[in-house]
Amino acid sequence: MIEQELRSLEVAFPPTPELEARVLARIDRRSRAWLVPALAVFAAAAALLAIPQTRAAILDFFRIGGVTVERVQTQPRAPATTPSFGEPVTFAEARDAVDFELVVPPPPFTTYFDDPIVTMKWDRYALSQWRGRQLPFVQKQVGPQSMVLPTQVHGANGAWITGARHEVIWQVPNRSRIEFRERRLAGSVLIWERAGTTYRLEGARTVEEALELARNLRRP
Amino acid sequence: MVDRPPEESDLIDRAKRGDTAAYGALVRTHQAIAFRTAYLIAGNAADAEEAAQDAFVKAHRALGRFRRGAPFRPWLLAIVANEARNRTRSATRRANLALRAADEARPGDAVPSPEAALLSDERRAELIDAVNTLREEERLVIACRFFLGLSEDETAQALDVKLGTVKSRQARALERLRGDVTP
Numbered sequence: 003m004i005e006q007e008l009r010s011l012e013v014a015f016p017p018t019p020e021l022e023a024r025v026l027a028r029i030d031r032r033s034r035a036w037l038v039p040a041l042a043v044f045a046a047a048a049a050l051l052a053i054p055q056t057r058a059a060i061l062d063f064f065r066i067g068g069v070t071v072e073r074v075q076t077q078p079r080a081p082a083t084t085p086s087f088g089e090p091v092t093f094a095e096a097r098d099a100v101d102f103e104l105v106v107p108p109p110p111f112t113t114y115f116d117d118p119i120v121t122m123k124w125d126r127y128a129l130s131q132w133r134g135r136q137l138p139f140v141q142k143q144v145g146p147q148s149m150v151l152p153t154q155v156h157g158a159n160g161a162w163i164t165g166a167r168h169e170v171i172w173q174v175p176n177r178s179r180i181e182f183r184e185r186r187l188a189g190s191v192l193i194w195e196r197a198g199t200t201y202r203l204e205g206a207r208t209v210e211e212a213l214e215l216a217r218n219l220r221r222p
Numbered sequence: 011m012v013d014r015p016p017e018e019s020d021l022i023d024r025a026k027r028g029d030t031a032a033y034g035a036l037v038r039t040h041q042a043i044a045f046r047t048a049y050l051i052a053g054n055a056a057d058a059e060e061a062a063q064d065a066f067v068k069a070h071r072a073l074g075r076f077r078r079g080a081p082f083r084p085w086l087l088a089i090v091a092n093e094a095r096n097r098t099r100s101a102t103r104r105a106n107l108a109l110r111a112a113d114e115a116r117p118g119d120a121v122p123s124p125e126a127a128l129l130s131d132e133r134r135a136e137l138i139d140a141v142n143t144l145r146e147e148e149r150l151v152i153a154c155r156f157f158l159g160l161s162e163d164e165t166a167q168a169l170d171v172k173l174g175t176v177k178s179r180q181a182r183a184l185e186r187l188r189g190d191v192t193p
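If you're matching them up, the sequences are chains A and B in order.
If you're matching positions, the first sequence starts at 3 in the numbering used here and goes up one per residue.
If you're matching positions, the second sequence starts at 11 in the numbering used here and goes up one per residue.
Worth double-checking, as some hints may not be accurate.
[Unchecked claim] Chain B stretches covered by chain A per the calculated footprint, using a threshold of three residues with CB under 8 Å from any CB of chain A: (1) 48-59; (2) 180-193.
[Unchecked claim] SDA-like mimics (lysine to any residue), calculated; alpha carbons at most 20 Å apart, straight line: (3) LYS68/B to VAL100/A; (4) LYS68/B to THR92/A; (5) LYS177/B to GLU7/A; (6) LYS68/B to GLU22/A.
Keep in mind that the hints were calculated from the coordinates and are not lab data.
Values in this document were obtained by computation on a predicted structure and should not be read as measured data.
In this text, a Cβ means the ideal position worked out from N, Cα and C, and glycines have one as well.
Modelling step: build the complete structure from the supplied sequences, incorporating the hints.
Next comes the structure, spelled out in structure tokens:
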């Protein structure tokens with residue numbers, strides 16, 4: 003039987019390297035950024051229901067990748083905090099920290115990482131990218147003065163949100179409890195999704211400018 | 011047959027709760043099969059080592075998505091194989107991996123294993139040559155199934171193909187091998 007012979011054929015493999023110590027060292031560095039997605043989904047739903055005016059006032063609702071956009075009549079008051087995109091990191095560190103291929107704007111740019119979101123900032127723009135499934139609970143609340151314009155971003159489904167500032171709530175599970183990571187007002191943004199990755203571009207003044215910026219993103 | 015130690019699901023639960031020692035035990039258990047799977051796909055030891063290491067880090071991060079009670083190995087190997095494939099794609103340095111038989115008389119290995127003793131040196135060389143002349147996709151299936159001992163399901167996950175594709179490639183490859191080696 004050839005199957006039997008193949009099974010008993012000992013093939014030479016290079017010696018297996020000891021991976022444990024190196025793997026654990028890398029895990030340790032990032033363990034504080036540990037996410038529990040199942041809990042997160044549940045908690046995001048719970049948090050949404052916990053805001054009565056939100057529950058009553060949802061007029062419109064759609065999802066693009068990892069972003070849920072809701073139209074509400076009354077925006078919950080949000081502190082106008084300075085946008086924080088996490089820790090400054092090198093591009094290589096960000097690339098190693100995520101399991102998808104990043105795109106980059108024309109250099110120079112600075113890179114920030116707030117697991118699992120990678121953000122690049124340049125000029126007055128900021129591009130955030132993350133795997134949709136990793137963060138199913140980014141929530142945008144769009145007030146009555148905002149316009150949500152569904153648009154194609156070079157073949158991908160997206161939306162241009164403009165007209166008034168809108169609130170972005172990013173939530174992060176902290177082991178057992180959920181806390182708001184950030185609650186701030188953002189200007190116009192273009193969001194789109196391609197192959198499971200969600201992109202969010204902030205800082206463009208017009209949809210044309212945003213689309214032009216999106217066109218110039220490259221794989222490094 | 012997946013050889014899963016009884017406490018594996020326990021280790022996974024502990025690792026999910028942040029117990030790195032438990033994850034370390036999982037790495038030790040699976041590092042050889044992970045490295046070898048990566049080696050078959052990437053074609054060289056350096057890329058295989060990197061791929062396996064990255065895969066363990068990413069698997070740890072994705073543990074929250076791991077379904078409780080599911081076998082860990084096929085899930086891990088799918089991540090490993092993906093890492094290995096990414097390296098071959100990005101580096102365009104895909105070496106056509108030529109497998110070779112382990113040396114019969116290895117230093118410190120006075121008695122050949124009973125399995126190796128079943129085959130003569132010439133027969134081993136003949137078989138390996140025949141496997142090496144298979145088409146890449148068929149050779150990978152043969153290597154995963156018979157040299158790594160993966161199940162058909164695990165092979166399908168590792169090679170990112172359908173189960174039916176594994177079966178048909180395996181059947182074709184075996185057919186070819188039967189024709190290539192002396193009966």
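Going through the hints against the structure:
1. 48-59: holds (count 4)
2. 180-193: holds (count 4)
3. LYS68/B to VAL100/A: 8 Å, holds
4. LYS68/B to THR92/A: Within the cut-off at roughly 19 Å; holds.
5. LYS177/B to GLU7/A: This hinted pair holds, its Cα atoms lying about 19 Å apart.
6. LYS68/B to GLU22/A: Status holds; Cα separation ~14 Å.
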